[in-house]
Amino acid sequence: MAEMLNHGAESRAVGRGDAPAQPPMLALTGVRKSFGGTEVLHGVDLSVRKGEVVAVLGPSGSGKTTLLRCANLLERADAGTLELAGERLDLASATPRQAAGVRRRTGFVFQGYNLFRNRTVLGNVTEGLVVARKVPRAEAEERARACLARVGMDDRCDAYPEELSGGQQQRVAIARAMATDPEIIFFDEPTSALDPELTGEVLGVMRQLAEDGMTMLVVTHEMGFARNVADRVVFMEDGAVVAEASARTFFDQPANDRVRAFLHHTMGHLGTCSF
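For the sequence shown, UniProt numbering gives the first residue as 1, with consecutive numbering after it.
Hints in this document: simulated from the structure, not taken from any laboratory.
Hints may contain errors.
[Said to hold, decoys possible] So the derived label-pair ranges between C-beta atoms look like this:
id, residue 1, residue 2, range
1, Val131, Asp45, 32 to 38 Å
2, Phe35, Ala255, 26 to 32 Å
3, Thr29, Glu162, 28 to 34 Å
4, Thr95, Thr249, 36 to 42 Å
5, Arg88, Val131, 27 to 33 Å
6, Thr249, Arg97, 38 to 44 Å
7, Thr29, Gly101, 25 to 31 Å
8, Glu162, Arg258, 40 to 46 Å
9, Asn118, Ala261, 43 to 49 Å
10, Ala146, Asn114, 31 to 37 Å
11, Ala146, Asn256, 41 to 47 Å
Beta carbons: idealized from backbone N, C-alpha and C, even for Gly.
Using the sequences and the accompanying hints, generate a full structural model.
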C-alpha cells in the first residue's frame, strides 16, 4: 500500500518537474501574527503549486492552524501577503470584501466538521451555494449530490449530522468544500477527532482528491498521509518554518536533528507508517 501511494505522489511530482517552472497557486510571504503580546507566527513563507499536496507538520502549538486561518482570512494577520493564482493581497489590511473574495475561491475543512445540526447532509452542502453564491437550488442540489457521491455519502442525503459517525460528518464537510469548485482546499487536522477506523475513511477520500489533481494544503499529524500522499512537507516549530522538502526526502533524509527527533517521537522509527 505504501509503495502504491508513494508512486501516486511521485507521478504527480514528475509531471510538474518536467514542465517549465510555474508560479505557485498560493504563496504566503512574511506572515506574522500575535495574540496579545505573544507572536505566534514569525514571518512565515509558504507556497503551493497547482495540483500539489503540501502537508504541514510540527508539534502542537507551532502555529500551523493559525497560519491556515490567516491564509483563508479567518484570522487577520499582523503582516504578510497572500498571492492566489496571481492576485496579490495584503493580509493585514484586507477589506471584508477582499476576504470574502478569497474564501469564495478556497475551501476549508475544519477539525470539528462545523456542520449545521438542523440541516440534512444535502442541505449542509447546498446551503453555501444557494445563500452565498446565489446558485439556483436545483443546480446546487445537483452539484451537491455529485460531490457527495465522490466522498461516498450520496446514500445519506436525507440524514442529519447527529445520525452520522464522525468520519461520515467529515466526509460531508469535504463534499461541502468541494462543491464551490475551489482553487485550493485547506484542511485543518481533519482527522484529529476520529478513531483509527474512521480516520482511514477520511484519509481515503483525501487521497482520491490528490489523485484527481486537487490542490491541497493539509495541516496534519497523520504521518502516513504526509509520507505517502503529500508531494511536499513543511515542518513548523515555534511559529516558523524550520524544514521543507519533498515527502520522500523529508522522511528518508531528515534535514536536521529537530526533524529527526520529531519523526522518532511520532513514528517510533522511520519507515513504519503505512497509509
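Hints, verified against the model:
1. Take Val131 and Asp45: their Cβ atoms lie about 35 Å apart, and the range 32 to 38 Å holds.
2. For the pair Phe35 and Ala255, the beta carbons lie near 29 Å from each other, so the given range of 26 to 32 Å is met.
3. For the pair Thr29 and Glu162, the beta carbons lie near 42 Å from each other, so the given range of 28 to 34 Å is not met.
4. Checked against the hint of 36 to 42 Å, the pair Thr95 and Thr249 passes, with Cβ atoms roughly 40 Å apart.
5. Remark: the range hint 27 to 33 Å for Arg88 to Val131 is upheld by a beta-carbon distance near 29 Å.
6. With their beta carbons about 41 Å apart, Thr249 and Arg97 fall inside the hinted range of 38 to 44 Å.
7. With their beta carbons about 19 Å apart, Thr29 and Gly101 fall outside the hinted range of 25 to 31 Å.
8. A C-beta distance of roughly 43 Å is found between Glu162 and Arg258, which places it inside the suggested range of 40 to 46 Å.
9. At about 46 Å, the beta-carbon gap between Asn118 and Ala261 stays in the expected band of 43 to 49 Å.
10. Evaluation of the 31 to 37 Å hint for Ala146 and Asn114 yields a failure: the beta carbon distance comes to about 21 Å.
11. Here the CB-CB span from Ala146 to Asn256 is close to 45 Å, well matched to the stated 41 to 47 Å.
The structure is inconsistent with the numbered hints 3, 7 and 10, although it conforms to all the rest.
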